[in-house]
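What follows is each chain in one-letter form.
Number of protein chains: 2
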Amino acid sequence: MEKLKFDANGLITAVLQDADSGSVLMVAWMNAEALRLTQTTGETHLWSRSRRELWRKGATSGNVMRVQEIRVDCDGDTLLLQVDPAGPACHTGKQSCFFTELDA
Amino acid sequence: MEKLKFDANGLITAVLQDADSGSVLMVAWMNAEALRLTQTTGETHLWSRSRRELWRKGATSGNVMRVQEIRVDCDGDTLLLQVDPAGPACHTGKQSCFFTELDA
Numbered sequence: 007m008e009k010l011k012f013d014a015n016g017l018i019t020a021v022l023q024d025a026d027s028g029s030v031l032m033v034a035w036m037n038a039e040a041l042r043l044t045q046t047t048g049e050t051h052l053w054s055r056s057r058r059e060l061w062r063k064g065a066t067s068g069n070v071m072r073v074q075e076i077r078v079d080c081d082g083d084t085l086l087l088q089v090d091p092a093g094p095a096c097h098t099g100k101q102s103c104f105f106t107e108l109d110a
Numbered sequence: 007m008e009k010l011k012f013d014a015n016g017l018i019t020a021v022l023q024d025a026d027s028g029s030v031l032m033v034a035w036m037n038a039e040a041l042r043l044t045q046t047t048g049e050t051h052l053w054s055r056s057r058r059e060l061w062r063k064g065a066t067s068g069n070v071m072r073v074q075e076i077r078v079d080c081d082g083d084t085l086l087l088q089v090d091p092a093g094p095a096c097h098t099g100k101q102s103c104f105f106t107e108l109d110a
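From first to last, the protein sequence lines stand for chains A and B. Using the working numbering, read the first sequence as starting at 7 and increasing by one per residue. Using the working numbering, read the second sequence as starting at 7 and increasing by one per residue.
One or more of the hints may lead you astray.
Which copy? The list can't say, so a pair holds if one copy fits it or any two copies do.
Pairs of lysine to any residue residues, derived as SDA-like cross-links and limited to a Cα-Cα distance of at most 20 Å, are as follows [unchecked claim]:
(1) K9 x A25
(2) K9 x Q45
(3) K9 x D90
(4) K11 x P94
(5) K100 x E75
(6) K100 x G28
(7) K11 x C96
(8) K9 x C80
Hint data in this document are derived by calculation from the structure and do not stem from the laboratory.
The following block holds chain A by itself, in its conformation from the complex:
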């Protein structure tokens, strides 16, 4: 594994990007175990900060996110996952969590 910098809570930021459309779907968190499970199963696993538990993305909704590739940024504190989403990423039913344009 590359030199990854997990923060004081043992977490690293993960950006999920649709491998086909290039749409940024969501930004979430992983701990080392979530990353390991993602790498071994090929399906995106995250750490829920609100529920304080490991979370296989899509476990409830069925909208799993198969991972094509994982990249790490130059300072090692953020991951970029290219994924194939089986359905909407957002709990609202939207394809991406970034559906709200900020007023200028």
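Using the hints, position chain B against chain A.
Chain B in isolation, oriented as in the chain A frame:
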């Protein structure tokens, strides 16, 4: 302004995406002032956690990032900026900071 959730340090995560190519360029941080300057000038301003200062992206390198659009995610704690980069986003000279593939 929408209901944005800045963290305990007054910061919010910002994903910079190339508006043309869709490439995710970098993930950085903004405080309220960086966001205000970004909105009023149309150029990406960030908060450098290491230098503890406001940072007009490209101030030194010339590689400014003009902003086409800012979106906020469903829980209000992450911004997605569609930008037109004048040059490489990464201090290494790479177009994106995510140039390293993680070993499986």
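Quick rundown of the hints versus the structure:
In this assembly of identical chains, K9 and A25 lie within 20 Å of each other by CA distance neither inside one copy nor across copies; the values are 24 Å within and 30 Å between. In this assembly of identical chains, K9 and Q45 lie within 20 Å of each other by CA distance solely inside one copy; the values are 16 Å within and 35 Å between copies. Proximity of K9 to D90 under the C-alpha cut-off of 20 Å is found in neither arrangement, the shortest distances being 26 Å within a copy and 30 Å between copies. In this homomeric assembly, K11 and P94 never come within 20 Å of each other (Cα to Cα): the closest approach is 29 Å inside a single copy and 23 Å across copies.
Taking the closest pair of Cα atoms, K100 and E75 come within 20 Å of each other only across two copies (19 Å); inside a single copy the shortest separation is 23 Å, beyond that limit. In the homo-oligomer, the alpha carbons of K100 and G28 lie at most 20 Å apart both inside one protomer (15 Å) and across protomers (19 Å), since each shortest distance falls under that limit. For the homomeric pair K11 and C96, the shortest alpha-carbon distance between copies (18 Å) is at most 20 Å, but the shortest distance inside one copy (27 Å) is not. Taking the shortest Cα distances, K9 and C80 sit within 20 Å of each other inside one copy (10 Å), while across copies they are farther apart (31 Å).
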